[in-house]
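Engineer: Sequence:
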Amino acid sequence: MKNKLTKALSLILAVFSIFCLMGNIDFSVAAADADDFEPVFRFAVASDTHITELDHRNAYRTQDMFKQMYELAESGESGYYGMDAIAIVGDISDNGKPQELKNAKQIIDGGVKDGTELVITMGNHDYYYNKNTCKASFESMFGEASKHTVIGGYHFITVNLANNGISYDDATVAWVEEELAKAYADDPAKPIFVFQHVGNEFTIAGTCDHVNYNGVANLDPIFKKYSNVVNFSGHSHFACNDECSVYQKDYTCVGTGTFNYSTRTMIDGMWIDMPNRTDIAQHWVIDIDKDHNVRMRVWDLTKKAFIGDTFMLTSFNKEDFVYTKDRFKDGDLFFADDAKINIDRVTSDAVYLSFPMVPEDSLTGRAYKVEVKDSSGNTHTEYTATEYYNDNFDTILKTSVGGLKPETEYTVNVYAVNSLFCWEINTDECDTIFSAPITTTFKTVAKTENAPAEILDVKIDAANKTISDVSINNLTATILGNPTFSHDDSIGMDVITFTGEGTNAVKFASYFTSAHTMKKSFSLECYFKYEEVKRLSTDGASIFSSQASGGFALDMTPGKICKFSLSSDSETKSAAYKMQPDTYYHLTATFDGSELKLYIDGVEQASATLADSIFFPYVSTIYLGADTAYYGECERTHPCTIALARVYNRTLGADEVQGLYNDVKEKRQHVYSSEVTAPTCEEKGYTTHTCTICGESYTDSEVAELGHNFGEWIADKGAGNETRLCTVCGKAETRELANNGSLVVVFVVIGVVAAAGIAAAAVIIVKKKKTK
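Heads up: take any position in the sequence shown, counting from 1, add 137, and you land on the numbering used here.
Honestly, the hints are just simulated from the structure, not real lab data. Possibly wrong hints are sitting among the right ones.
[Unchecked claim] Each computed DSSO-like pair below joins lysine-lysine, with the alpha-carbon atoms no more than 30 Å apart:
(1) Lys656 / Lys535
(2) Lys204 / Lys427
(3) Lys361 / Lys462
(4) Lys477 / Lys535
(5) Lys327 / Lys386
(6) Lys250 / Lys234
Throw the hints in and build the complete structure from the sequences for me.
Structural biologist: This is the structure:
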């Protein structure tokens with residue numbers, strides 16, 4: 138106990154001495170120019186590699202990081218030939234599974250060369266498999282997850298999460314305070330590099346509280362004591378080349394990006410999706426010169442080049458910090474002087490438009506607000522995001538706005554938007570910068586009845602074994618696996634057949650720029666038959682779908698139930714109908730902004746209510762024979778044959794649906810099965826012919842009734858009657874016996890009463906009186 142107390146008092150005195158001296162220490166370093174920088178030390182920082190299988194893109198990207206960093210070192214870039222350390226700041230694996238960690242270990246061991254130190258810690262995903270055992274598994278392969286090491290005279294401190302994956306426990310916080318004091322005492326003029334997966338709340342972009350667990354509070358008070366701390370954190374997946382990935386107040390914070398997928402901006406609690414956000418693959422390259430100046434640059438693995446701004450840390454005095462929250466002004470976000478909106482296409486209820494991104498010397502436009510307003514002030518607003526993380530400033534953005542009125546004049550304004558250090562646009566906690574708008578006008582056209590499908594219209598060519606989209610969208614078709622093409626004589630159409638095995642499907646991509654036109658006005662048409670799967674999962678499998686966390690899905694589920702589903706941002710609603718296997722059905726689903734209707738062979742069969750507009754996923758990929766997975770791969774394949782597949786950005790009416798069914802019905806070549814109904818004594822016979830494809834039937838070959846063939850009368854004196862039976866059908870006739878066995882005698886007497894001019898008829902029944 139005495140030794141522990143002495144140790145604690147010594148530490149307290151050391152820390153107290155340090156803070157007494159801090160007022161006299163000059164944290165500034167000699168100014169350095171980014172271009173003339175001469176490194177004496179270099180390391181790379183990455184995070185969120187999310188490794189699963191060795192043949193997955195994230196594994197390849199992690200391998201590329203090591204390869205490209207050593208190529209950079211060997212090139213002598215900036216006159217330096219070393220790579221002194223490589224840090225990975227958590228979420229090494231996607232789920233913390235033992236095999237994922239082994240795969241990560243194999244990649245890292247094969248990537249790190251002699252002379253390079255590995256700096257590594259855990260993230261929340263590394264705990265997913267088993268929060269009680271994952272840390273031990275991780276540390277058995279990579280060493281301590283919380284560790285303080287000195288590399289090239291610089292202090293590197295990794296801080297590991299608690300096993301809940303979202304916070305840092307008290308013991309870890311106390312340990313960090315101890316280690317920072319030691320590092321500072323060693324050389325207060327040098328930067329101290331700290332690595333933690335979940336960042337400190339309300340610092341860099343992605344640490345605000347609009348999404349749970351993206352920022353922690355209990356480490357920040359410690360770091361505030363040391364302005365020379367450079368704190369690296371991951372978790373949020375914000376792009377490194379976003380200006381708000383670097384933040385200075387009491388110390389320096391840096392966001393470390395991802396190799397997996399980019400995060401998104403939010404509006405009213407909903408993500409603003411962007412195309413190709415899985416293309417992101419960035420990390421930092423950190424250089425230090427002899428005067429301890431720090432140069433930070435973003436490396437893009439896809440481009441194999443530096444992108445974005447260069448950040449220079451030339452002073453660790455707080456009053457000299459330049460990357461503060463208030464460094465951005467309204468005028469920093471702007472379009473080029475010659476920027477304009479192009480109206481690419483106008484329909485009766487939608488507009489398709491394109492416009493340029495903001496230029497490279499502007500603040501990043503994370504999203505763009507498209508505002509369409511008529512002369513009465515009725516406004517339709519959509520937000521679209523861009524893959525700014527790919528740093529293509531010459532990209533022309535394309536989007537659309539639906540729900541407009543026919544033959545109406547509109548004004549469209551486009552604003553670039555940046556919510557700075559916040560996820561959410563227009564919140565009380567964070568400022569949002571809007572650019573001045575670019576503007577134009579247009580007029581919608583008159584409504585056209587029976588307009589073609591604008592989103593997807595599949596053409597199948599069996600003779601040439603091809604499949605394509607002939608809609609105005611002209612989506613690219615990619616055949617996966619080995620589906621077969623044929624002409625089905627029974628329906629008079631070319632078809633494509635999927636086995637339901639592996640990745641046997643056709644992919645159509647991408648409808649991203651048209652998604653806004655379908656949010657409140659949508660229809661799907663499909664003419665297909667399915668093959669029954671005996672052990673179908675409860676989730677079912679897909680015939681025709683685009684449901685990566687949103688969108689639509691046409692599924693077969695257990696019990697031969699066909700289910701069509703639509704998803705908003707908060708719920709999924711379905712309409713269902715029981716179908717027989719190996720039978721063609723013409724299915725149409727429609728949505729008018731609130732009600733989903735399901736039609737089978739032209740007749741409405743089911744409905745459901747969706748309270749909000751459809752949320753279409755960023756993947757924007759449609760599959761035939763399967764569904765869309767989160768990253769755009771196919772999943773939930775199902776054996777089926779498809780003759781027709783269309784997606785509309787309008788709500789088809791009942792008459793249109795019937796007309797579409799009639800179109801395919803007329804092409805059918807009926808295949809009949811015949812059933813003979815034999816004549817009976819009282820009813821005619823005939824032959825019924827029923828189409829095995831559509832169920833239509835007719836009768837012919839009529840045969841006259843046979844008539845009864847009765848036998849002799851058999852008397853039943855006890856009952857007072859006699860009966861005879863038809864020898865063909867067994868029908869019985871019964872009549873009453875007279876008491877002496879004679880028949881009842883019936884007379885009909887007609888009398889005319891001439892004097893009264895009245896005619897009367899009487900039936901007189903004469904029976905012989907019974908004797909006792």
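Engineer: Between Lys250 and Lys234, is the straight-line Cα distance small enough, at 30 Å or below?
Structural biologist: Given that 30 Å is the threshold and the Cα spacing comes to 26 Å, the pair holds.
Engineer: Lys361 and Lys462 were given as a pair; does the straight-line alpha-carbon distance stay at or below 30 Å?
Structural biologist: With a Cα-Cα distance of about 16 Å, the restraint between Lys361 and Lys462 holds, given a limit of 30 Å.
Engineer: Sort out whether Lys535 lies within 30 Å of Lys477, counting only the CA atoms.
Structural biologist: holds (13 Å)
Engineer: Mind checking the alpha carbons of Lys327 and Lys386 for me, to see if they're no more than 30 Å apart?
Structural biologist: Given pair Lys327, Lys386 holds - Cα atoms ~18 Å apart, limit 30 Å.
Engineer: Taking 30 Å as the top limit, are the C-alpha atoms of Lys656 and Lys535 close enough?
Structural biologist: holds (17 Å)
Engineer: Given the proposed pairing of Lys204 with Lys427, does the C-alpha separation stay at or below 30 Å?
Structural biologist: At roughly 27 Å apart (the allowed maximum being 30 Å), Lys427 and Lys204 satisfy the hint.
Checked against the numbered hints above, the structure violates none of them.
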